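Participant: Going down the list, the sequences are from chains A and B. Per UniProt numbering, the very first residue in the first sequence carries number 1; after that it's consecutive. Per UniProt numbering, the very first residue in the second sequence carries number 1; after that it's consecutive.
If you're looking for bench data, these hints aren't it; they were derived computationally from the structure. Keep in mind the model is a prediction, meaning the values are calculated, not measured. Incorrect hints may appear among the rest.
Within a straight-line C-alpha distance of at most 35 Å, the following computed DSBU-like cross-link-like pairs (lysine-lysine) qualify [as the list claims (entries may be wrong)]:
(1) B:Lys164 / B:Lys151
(2) A:Lys325 / B:Lys99
(3) B:Lys136 / A:Lys324
(4) B:Lys98 / B:Lys223
(5) A:Lys324 / A:Lys290
(6) B:Lys151 / A:Lys50
(7) A:Lys324 / B:Lys98
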Amino acid sequence: MKWILFFGALIGLSVCGREKFFGDQVFRINVRNGDEISKLSQLVNSDNLKLNVWKSPSTFSRPVDVLVPSVSLQPVKSFLKSQGLEYSVTIKDLQALLDNEDEEMQHNEGQERSSNNFNYGAYHSLEAIYREMDSIAGDFPELATRVKIGHSFENRPMYVLKFSTAEGRRRRPAIWLNAGIHSREWISQATAIWTARKIASDYGKDPAITTILEKMDIFLLPVANPDGYVYTQTQNRLWRKTRSVNPGSPCIGADPNRNWNASFAGEGASDNPCSEIYHGPHANSEVEVKSVVDFIQEHGNFKCFIDLHSYSQLLMYPYGYTVKKAPDADELDEVARRAARALASLSGTTYQVGPTCTTVYPASGSSVDWAYDHGIKYAFTFELRDTGHYGFLLPANQIIPTAEETWLGLKTIMEHVRDNL
Amino acid sequence: MPPRRQPPPASGPWGPRPAVLLLAPLLLLLALQGVAAAPVGAEGPEDSPGLQDAEFPSGLLQQAARAALHFFNFRAGSPSALRVLAAVLEGRATVNPKKGCQVDLVFTTDHYNPEVGEEHLGKCSARVFFRNQKPKPAINVTCTRLIEKNKRQEEDYLLYKHMKQLKTPLDVTSIPDSHGHIDPSLRPIWDLAFLGSSYVMWEKTTQSLHYYMAQISSVNQWKTNDDTIDFDYTVLLHEFSTQEIIPCRIHLVWYPGKPLKVKYHCQELQTPEEASGTEEGSAVAPTELNNF
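Just chain A, same shape as in the assembly (with noise of 0.2 Å):
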């Protein structure tokens, strides 16, 4: 574990970027005089064998640290043998080790904010993810309670955290962020899950969620399709619909996110229950839809509505059923656009933003567009990472990535809210 302030401290100053050490060593030498001293620094100084010092000689009794590069280890051992100076190898690959000490820290990356050791860096089932969801109530009971708004198809129940400060049964103006919808869009409920905690830590610390959760409450749904996910995880990874049953049809399921009451039926769904986007019997007849419909109407003062999918890298705004501007959007535009900026500012990973409609395709009975015609003016699409390498099947390896580029795009959305209550 020590050598990781090795290398931050010493590495870290001589070598940014990408110099790499296959086959380097460390050598501890013992140095037990001063003619050992003397011997050494020459070996040291020679400019051909490019010796790099990590801890010089202070005194006697100390032991000298060496990088020797794997070119220079035949003379560097002569030398030491022929002078009589003890020496061991510390290091055997320092390639190695960097790579390996790279996976630790990412692997304890994820682990840093769970309490109970819940990896945000990888992909859960949907038992787990309930249950970090009642952890991070436990863990913040004043701030965070978890709540059942209703069950699936297959009689699962749909879990939402209510993040609060709100004293007293006062609606307070409400943010609801829904993940998962399309069941293999994985990195949905991963960056879910992450900013659920992440919401939880930072109120109080960080002033940004802090003032927006003085003024509001967030609700986070982050499997909204928990059907599909199981589905995902036992039968079939690139499952997307809901999984109710379609009487005289072979076909499963309804597209969630064709299902809502926005033009339903129209441009850009179908109405063949074996189509990726058949949008059901009728709106909301897909009963997973139907819970947060009836939630956020008995609620009665969202004023946000964002919904997370992958891939494509896209912030969009309304509307999908048609090419007719919405009247807001040139502010919808403006934020996204801010909210776009703030993602990037992380790893330069690019958006491109726009209306629903033009920006990917037509598309009618989203949530985000039933959202908007009824009086929620913020109502936004994420298309998360990537944009087609691996797709669904995004390695676990940029959750973390994604969850904290994402964050900072959504708290500039939020904090906008905020100021325009």
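Mind docking chain B on chain A? Use the hints.
Facilitator: Only chain B this time, still in chain A's reference frame:
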């Protein structure tokens, strides 16, 4: 694996020739892309203006670029020199409502493999002709060299040697696995599969449909001979904007420096009413093509 950084699209100078027809949504998209879009006008005596054609999908330039790149990758036949679209710099479209649509464009590319250095941008110019909603667009494309020819052949040969060392039968089901992981030793298989899929994706692309390779769902045969790699696999293609997952069985034969040979058969899962406008609307007819 670090994410691909997309470079900001450079706005190129617009040509002096009066350019052609672009629809309002298309202009909007181009503005978003930072592309210098030409104003609307008609060109050529035999091309009739089709400005009001509501069937025109937005993102036509992107469609054309993707098709051109699939074709380019296939023709190059080099799994170590695969390219992806970076940005469209400029483009224009000529519409003939009876025949189809021709797109001329210039775009930049990046290495497909994100591990290779990000700084090398290749530039391509292409002419793509889409026959009305029919697949297999006609393509003429040239690209500036990203990698020096000898180096590319060297890399291909290294890949070939590496592939020959893999133990057969390959002990693998899906690549990547559900968590997006590809074992580094299997990465060349993914690249070779992508090369073969490029042929398929080129042929299937239309004005409104495009594809990404989602997963290798099975490796049916992997034979390495002295002068070829014989690879029979099933790939899952993700189709936009239908969101369908199309399984395609692909059989390719490859050797470094030689043209790639591909045979394939894709399962068309939808019933005919879904495949509106395409000839191969039938769910039964196989699209078996052979360029051996």
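Participant: Is the Cα-Cα distance between lysine 136 of chain B and lysine 324 of chain A 35 Å or less?
Facilitator: 32 Å, holds
Participant: For the pair supplied as a hint, lysine 324 of chain A and lysine 290 of chain A, is the alpha-carbon distance within the 35 Å limit?
Facilitator: Since the Cα atoms of lysine 324 of chain A and lysine 290 of chain A sit roughly 27 Å apart, the hinted pair holds (cutoff 35 Å).
Participant: Quick one, are lysine 324 of chain A and lysine 98 of chain B close enough, alpha carbons at most 35 Å?
Facilitator: The given pair, whose Cα atoms are some 28 Å apart, holds under the 35 Å limit.
Participant: Could you grab the alpha-carbon distance between lysine 164 of chain B and lysine 151 of chain B and see if it respects the 35 Å cut-off?
Facilitator: It holds: about 20 Å lies between the C-alpha atoms, which stays within 35 Å.
Participant: Does lysine 98 of chain B pair with lysine 223 of chain B here, judged by a C-alpha cut-off of 35 Å?
Facilitator: Distance of about 46 Å is beyond 35 Å: violated.
Participant: Next pair to validate is lysine 325 of chain A with lysine 99 of chain B; report whether the Cα-Cα distance is within 35 Å.
Facilitator: With Cα atoms ~31 Å apart, lysine 325 of chain A and lysine 99 of chain B stay inside 35 Å; holds.
Participant: Are the Cα positions of lysine 151 of chain B and lysine 50 of chain A separated by 35 Å at most?
Facilitator: 29 Å, holds
In this structure, only the earlier hint numbered 4 is contradicted, and the remaining ones agree with it.
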